[in-house]
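Q: Take the given structure of chain Z and dock chain B to it, following the hints.
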Amino acid sequence: MALQIRNKIPADIPTASMADIAFLLIIFFMLTSVYSTNFGLEYGLPKSEDLVNVQPLEAMHIHIMGPGAYTIDRRPATLQQIGGYIDNKLKQNPKKPIIIQTEPDVPYHATIEVLDLCKQLKVENVSIPTSFEVAMWGAFAGGIGK
Amino acid sequence: MKKLRVHRVTAVIPTASMADIAFLLIIFFMLTTSFSPVKMSVDLAEAINRQEVDKDAAIIAIGTAGVMEISNGIQTGNRINSLEELDLFVKEIVGLDPSKQFIIKADRNIRYETFNAVYEKLRNNNCRRIALLTEARRVESQ
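Here the protein sequences come in this chain order: Z and B.
Residue numbering for the first sequence follows the numbering used here, beginning at 1 and increasing consecutively.
Residue numbering for the second sequence follows the numbering used here, beginning at 1 and increasing consecutively.
Just chain Z, with the same shape it has in the complex (with noise of 0.2 Å):
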C-alpha cells in the first residue's frame, strides 16, 4: 500500500487588513463622538409669569447710535470706558440691569460688540427693547438714561 503524502496548512491568522480594521474602528469613533461648533451669545427672556419689568430710571442705558459711537447714562463714551463704568456700577448694584438700545441703521456687530462687554462683565440682567417699548419708555421718561 503506497503512503499517502499529507500537504499541511500552516495555522496562521490573517494580519493583514488589521490595519485596515484599526483605522475603520478609528474613524467610526470620530463619526459617532459628538461635537458642536456653533457657539454664540446667549441671550434668555424670562417667561410671561416672571416678567420683571426693567424701570428705565433704575437701569444703566446704552446707546448706540453707530459703530463705537456709544452713550452710557447720555455720556458719551468708549467701549473701554463703558466697561469701567458697569464694573463700578455692578460693585454696588450686582443686580443691577442694563438696557442697550440701538438706532435702527446701524450696522448689527455694533450692537454684538456690547452684549459681548456685556456677558464679559458677568452682567445679570441685559434688556434689548423693543420698539414699543423705546417708544413707551421715552413718552413716560422724557427718554430713557436719564
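Treat each hint with caution, since some may be false.
Stated by the list, open to error - Here are the simulated distance ranges between beta carbons: (1) Z:69 with B:46: 17 to 23 Å; (2) Z:93 with B:75: 41 to 47 Å; (3) Z:12 with B:24: 22 to 28 Å; (4) B:30 with Z:121: 39 to 45 Å; (5) B:31 with Z:68: 26 to 32 Å; (6) Z:12 with B:75: 49 to 55 Å; (7) Z:81 with B:96: 42 to 48 Å; (8) Z:10 with B:3: 29 to 35 Å; (9) Z:17 with B:111: 57 to 63 Å; (10) B:43 with Z:69: 19 to 25 Å; (11) B:92 with Z:93: 39 to 45 Å; (12) Z:120 with B:14: 58 to 64 Å; (13) B:136 with Z:31: 22 to 28 Å.
Unchecked claim - Which residues of chain B face chain Z? A few of them, derived with a C-beta cut under 8 Å, are: (14) 17; (15) 23; (16) 31; (17) 48; (18) 103; (19) 109; (20) 115; (21) 119; (22) 120; (23) 129; (24) 131; (25) 132.
Quick caveat, the hints were computed from the structure, so don't treat them as lab data.
By construction, the Cβ of each residue, glycine as well, lies at the ideal position given by its N, Cα and C atoms.
A: Okay, now just chain B, sitting in the frame of chain Z:
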C-alpha cells in the same frame, strides 16, 4: 551543459484590500462633507464670550440683503419672503416646544432694524431662549 529552469512569477495586482480602501474613502468623504440645515453663508459678528448652542436649535439666518432662511434644526432650511411667514414658523416651534432655543445667524453688516424685526417676532411669541451666533474674536496685536 545543464539547462537552467526559469521560475516565472506571474504579474498580479493585489486586490484583497481594495474594498477596505473603498470603505475608507467613503468614510473620509462622509466625514469631510458637512451638512448644515441652513445653507446661507453669512459673515458673523465677532465676540469673546461665547457659549455652545443647542444642537437641535431652530435657526433663523439673515443674509446681507435681509434675505431670511429658517429651519427647525432638523429639516433643511427654507427661504422666507415675509415676516408673517417667520411669525407662523416661530408660533409653530414654540407651540411644540416652549423651551426650544432659537439661533439667530445674522450677517454682521445687516441693519439693526432687520435684526430687531426678527427679535420682536421671537419676543412676541414668548420665545425664551435666543442665541446670537458669533465667531471667535481674534486677539488684536498692540
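Q: Hint says 42 to 48 Å; check whether the CB-CB distance for residue 81 (chain Z) and residue 96 (chain B) agrees.
A: 45 Å, holds
Q: Taking the Cβ atom of residue 69 (chain Z) and the Cβ atom of residue 46 (chain B), is their distance within the range 17 to 23 Å?
A: 18 Å, holds
Q: Answer holds if the nearest beta-carbon of chain Z is closer than 8 Å to that of residue 132 (chain B); otherwise answer violated.
A: Nearest chain Z Cβ about 5 Å off; hint holds.
Q: Quick one, is the residue 120 (chain B) hint okay against chain Z at 8 Å, beta carbons?
A: Holds: closest Cβ of chain Z sits about 5 Å from residue 120 (chain B), inside 8 Å.
Q: Hint validation: residue 115 (chain B) versus chain Z, beta carbon distance must be below 8 Å. Holds or violated?
A: 5 Å, holds
Q: Per the hint of 39 to 45 Å, is the separation of the Cβ atoms of residue 30 (chain B) and residue 121 (chain Z) within bounds?
A: Given about 43 Å between the Cβ atoms, the range holds.
Q: Using 8 Å as the Cβ threshold, decide whether residue 109 (chain B) counts as touching chain Z.
A: Holds - the Cβ of residue 109 (chain B) comes within 8 Å of chain Z, reaching about 5 Å at its closest.
Q: Does residue 103 (chain B) hold up as a contact with chain Z if the rule is Cβ-Cβ below 8 Å?
A: OK, holds: residue 103 (chain B) within 8 Å of chain Z, min 7 Å.
Q: Next item in the hint list is residue 17 (chain B). Is there a CB on chain Z closer than 8 Å to its CB?
A: Cβ of residue 17 (chain B) sits 6 Å from chain Z, so the hint holds.
Q: Per the hint of 39 to 45 Å, is the separation of the Cβ atoms of residue 92 (chain B) and residue 93 (chain Z) within bounds?
A: 40 Å, holds
Q: At the C-beta level, are residue 43 (chain B) and residue 69 (chain Z) separated by a distance inside 19 to 25 Å?
A: 21 Å, holds
Q: Do residue 12 (chain Z) and residue 75 (chain B) keep their Cβ atoms within the hinted range of 49 to 55 Å?
A: 52 Å, holds
Checked against the numbered hints listed earlier, the structure breaks hint 5 alone; every other hint is satisfied.
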